[in-house]
Amino acid sequence: MTTSTVSLSGVRKRFRGTVALDGIDLHLRPGVTGLLGPNGAGKTTLLRILATVLPADDGDVRMLGRDPHDPRQRTDVRRRLGYLPQELGFPRGMSAFAFVDYMAVLKEWDDPGRRHAEVRRVLDQVGLGDIATKRIRTLSGGQRRRVALAQALLGSPEVLVLDEPTTGLDPEQRASLRHVLAELGRTSTLLVSTHQTEDVAALCDRVVVLDEGRVHYDGPVTDLVATAAGHVWLSAAPDAAAQVSARTGSGRYRNLGAGVPPDGEEVAPTLEDAYLLLRGASAATRPEVAA
Amino acid sequence: MTSTLVHDAPAAAPASTVRQLARLEARRFGRHPLFLVGVLFSVITMVAIADDRSPDSLTNGVIPSFFLGVLSMVVSYRLTRSTAPAAEAVDAAPTSGTTRTAALCLAGLVPAAAGVVWLAVMYVVFAVWPPDAWAWATFDAADRLAIFTAQSAVAGLGAALLGVVVARWLRFPGAIVLAVVVLLAWVLSAQAVAAVDAPSTLGAALRMTAPFTVWTSVDPGSASIDTWLGSPAWHLLYLLTLCALAATAAMLRDAAGRTRVVLLRVGGACAVVAVLAALAATTGGIDEPTRTSRDGSTSVVSEH
Chain A
0 MTTSTVSLSG VRKRFRGTVA LDGIDLHLRP GVTGLLGPNG AGKTTLLRIL
50 ATVLPADDGD VRMLGRDPHD PRQRTDVRRR LGYLPQELGF PRGMSAFAFV
100 DYMAVLKEWD DPGRRHAEVR RVLDQVGLGD IATKRIRTLS GGQRRRVALA
150 QALLGSPEVL VLDEPTTGLD PEQRASLRHV LAELGRTSTL LVSTHQTEDV
200 AALCDRVVVL DEGRVHYDGP VTDLVATAAG HVWLSAAPDA AAQVSARTGS
250 GRYRNLGAGV PPDGEEVAPT LEDAYLLLRG ASAATRPEVA A
Chain B
0 MTSTLVHDAP AAAPASTVRQ LARLEARRFG RHPLFLVGVL FSVITMVAIA
50 DDRSPDSLTN GVIPSFFLGV LSMVVSYRLT RSTAPAAEAV DAAPTSGTTR
100 TAALCLAGLV PAAAGVVWLA VMYVVFAVWP PDAWAWATFD AADRLAIFTA
150 QSAVAGLGAA LLGVVVARWL RFPGAIVLAV VVLLAWVLSA QAVAAVDAPS
200 TLGAALRMTA PFTVWTSVDP GSASIDTWLG SPAWHLLYLL TLCALAATAA
250 MLRDAAGRTR VVLLRVGGAC AVVAVLAALA ATTGGIDEPT RTSRDGSTSV
300 VSEH
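Those protein sequences? They're chains A and B, same order as listed.
Be aware that the first sequence starts at 0, since it is given in numbering that gives the first Met the number 0, and climbs by one per residue.
Be aware that the second sequence starts at 0, since it is given in numbering that gives the first Met the number 0, and climbs by one per residue.
Since the hints were derived computationally from the structure, they do not count as laboratory data.
Please note: incorrect hints may appear among the correct ones.
[What the hints assert, rightly or not] Partial pick of chain B residues on the chain A-facing surface, computed with a CB cut under 7 angstroms:
| id | residue |
| --- | --- |
| 1 | Ser15 |
| 2 | Thr16 |
| 3 | Leu20 |
| 4 | Leu23 |
| 5 | Ser81 |
| 6 | Pro84 |
| 7 | Ala85 |
| 8 | Glu87 |
| 9 | Ala88 |
| 10 | Asp90 |
| 11 | Ala91 |
| 12 | Ala92 |
| 13 | Pro93 |
| 14 | Thr94 |
| 15 | Thr97 |
| 16 | Ser221 |
[Unchecked claim] Chain A residues, not near chain B, derived (Cβ > 10 angstroms throughout):
| id | residue |
| --- | --- |
| 17 | His26 |
| 18 | Gly64 |
| 19 | Leu87 |
| 20 | Asp100 |
| 21 | Glu107 |
| 22 | Ile130 |
| 23 | Thr132 |
| 24 | Pro170 |
| 25 | Gln195 |
Yeah, the Cβ is synthetic: ideal placement off N, Cα and C, and Gly gets one too.
All chains should be modelled from the sequences, with the hints used to inform the complete structure.
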């Protein structure tokens, strides 16, 4: 069995009076793990702790066998870590190449020839090779997101922490990005926080659901999807008794819940169905919502 | 998007990273529009006064001090703050904040180099259009070199370092504007006190502890030059220690552990040298202000 590359035990974090993380236990190995949860669940806090930019208040954190609390070990972890923050701004006037090059220097790529080759490689990897010399402020939101992602991919790090990497990307770019991340996941440990359940379904072997600072589910994606089997129904009208009812593209309603609606037709659940059912009563969506 | 796997984590020595980073920051500094404006105005002003026959050549240094100095302070502030939007990613990189600050401080060598070039050009101008001998007042060649070096290369370096300090320690909007106003007020008030009462030790002390000072005043009819108190060489040393103090203070912001202890010790040593140099600058040089006339004769200025 492979040893955990990332290991958290009893990790807690508070911000003034608010509990952001409340005793997180998590052990990650090479592969792609999806992190789901509503806004305010503690996902970003968890990722920031793993990215070594935020210390935990309590509990034990081990990254690649090292303790990020110790300055020397933290530097060692950072040498083997890639991090895409939820929001990343850019220095004014920099081109995509210049920014990623700057980050490469910070990541100790000191040989200019090798560094420039690596910068070109990651920019190609995210599909920005042709516009690398354009100023970032002239790029679209999706392109900026890919510049941010490119810096995280420098050196194909052993641990990659990505906070909503697909935000702002069009469907084609998302599919392409999934392919890149899946490749990386063959050898690296990836933790991908997202609100896009389809990204998790397509990319991840494992999913962690976080809510109110606690792990509500941690296991294979297929197992989570399986928990929703027999609870998803299509019907002509919304089911008032359903936990969630949403109109689909065909004009019929997708109802989630234990009861069978009149004229209900059982369908195979998706990860989103399973996630919403897991969240249960706390899920924001009520009948007669999304169109 | 393409995908290839290259697990290739580099492991560079910190010195090598500082060099590379300093090179990047220096390039950004040298290309910054404000710095280029400063260089341009320094050149234009130099050309304009090249064959000027008025006997105030010793005040030429105000040109680079202002255009290279003040503008470099703003440039280095902006460069230092420019990565703030990307702080989350920058902080997750193995290069420490102290190393990043050290690189920014080294980029201050760009305005310093511009100051050296200005200095060299000015000496060429002096060789082509030599000022009258009496225009140097009581200062010999070494004093003049100290004065001009302080007002050009060291002014550029010091201002750039001060910009980094402000950016690292003062995080409120308009911090650099406030810093520039305080700096100018400090310099001008020190000169004003000396101008009102040239023989006073207080005036000399204020001038010698200011980051910029003039050394002479020419009378309105250009008939004589008054030399003010103070030692140019010791003032130059004082300014260099201020530069070292600024770099130390800037790096101290993110320093921890042993690095912090070392920086505090270096800062303490620099502070002691600065105080001693300021004392020597105030008490050194001529004993009393002197007035040099066009015929080369000198007399003591007892009252302004």
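Verification of the supplied hints:
Evaluation of the Ser15(B) hint against chain A yields a held restraint, the C-beta minimum of about 4 angstroms falling below 7 angstroms. Proximity of Thr16(B) to chain A holds as hinted, the smallest CB-CB distance being about 5 angstroms (cut-off 7 angstroms). The interface hint given for Leu20(B) holds, since its Cβ lies 5 angstroms from the closest Cβ of chain A, which is under the 7 angstroms cut-off. A least Cβ separation of about 6 angstroms between Leu23(B) and chain A falls short of the 7 angstroms threshold, and the interface hint therefore holds.
Because the beta carbon of Ser81(B) sits about 4 angstroms from the nearest beta carbon in chain A, less than 7 angstroms, this interface hint is met. Checking Pro84(B) against chain A by beta carbon gives a least distance of about 2 angstroms; that is within 7 angstroms, so the hint holds. Evaluation of the Ala85(B) hint against chain A yields a held restraint, the C-beta minimum of about 6 angstroms falling below 7 angstroms. Because the smallest distance between the Cβ of Glu87(B) and any Cβ of chain A comes to about 4 angstroms, under 7 angstroms, the interface hint for this residue holds.
With 7 angstroms as the threshold, the beta carbon of Ala88(B) comes within range of chain A, its nearest partner Cβ sitting at about 6 angstroms, so the hint holds. The interface hint given for Asp90(B) is met, as the beta carbon of that residue sits about 5 angstroms from the closest beta carbon of chain A, less than 7 angstroms. At a threshold of 7 angstroms, the smallest CB-CB gap from Ala91(B) to chain A is about 4 angstroms, leaving the interface hint in force. Against a cut-off of 7 angstroms between C-beta atoms, the interface hint on Ala92(B) holds, since the closest Cβ of chain A lies about 4 angstroms away.
Hint status for Pro93(B) relative to chain A: holds, with the closest Cβ pair at about 4 angstroms, below 7 angstroms. Taking 7 angstroms as the C-beta cut-off, the interface hint given for Thr94(B) holds, the closest approach to chain A being about 4 angstroms. The criterion of a C-beta within 7 angstroms of any C-beta in chain A is not met by Thr97(B), whose closest approach is roughly 11 angstroms, and the hint is violated. Against a cut-off of 7 angstroms between C-beta atoms, the interface hint on Ser221(B) is violated, since the closest Cβ of chain A lies about 46 angstroms away.
Remark: the non-interface label on His26(A) is consistent with the geometry, its nearest Cβ contact in chain B lying 21 angstroms away (cut-off 10 angstroms). For Gly64(A), the requirement that its beta carbon stay farther than 10 angstroms from each beta carbon of chain B is met, with the minimum near 15 angstroms. Listed as outside the interface, Leu87(A) is inconsistent with that label: its C-beta sits roughly 6 angstroms from the nearest C-beta of chain B, within the 10 angstroms cut-off. A beta-carbon of chain B comes within 10 angstroms of the beta-carbon of Asp100(A); the shortest separation is about 8 angstroms.
For Glu107(A), the shortest C-beta to C-beta distance to chain B comes to about 4 angstroms, within the 10 angstroms cut-off, and the non-interface label is violated. No beta-carbon of chain B is positioned within 10 angstroms of the beta-carbon of Ile130(A); the least distance is around 13 angstroms. Every C-beta of chain B lies more than 10 angstroms from that of Thr132(A), the closest at about 15 angstroms, which supports listing it as non-interface. At roughly 13 angstroms from the closest C-beta of chain B, the C-beta of Pro170(A) stays outside 10 angstroms, upholding its exclusion from the interface.
Gln195(A), annotated as away from the interface, keeps every beta carbon of chain B farther than 10 angstroms; the closest lies near 17 angstroms.
Hints 15, 16, 19, 20 and 21 from the list above are not met by this structure, while the remaining hints are.
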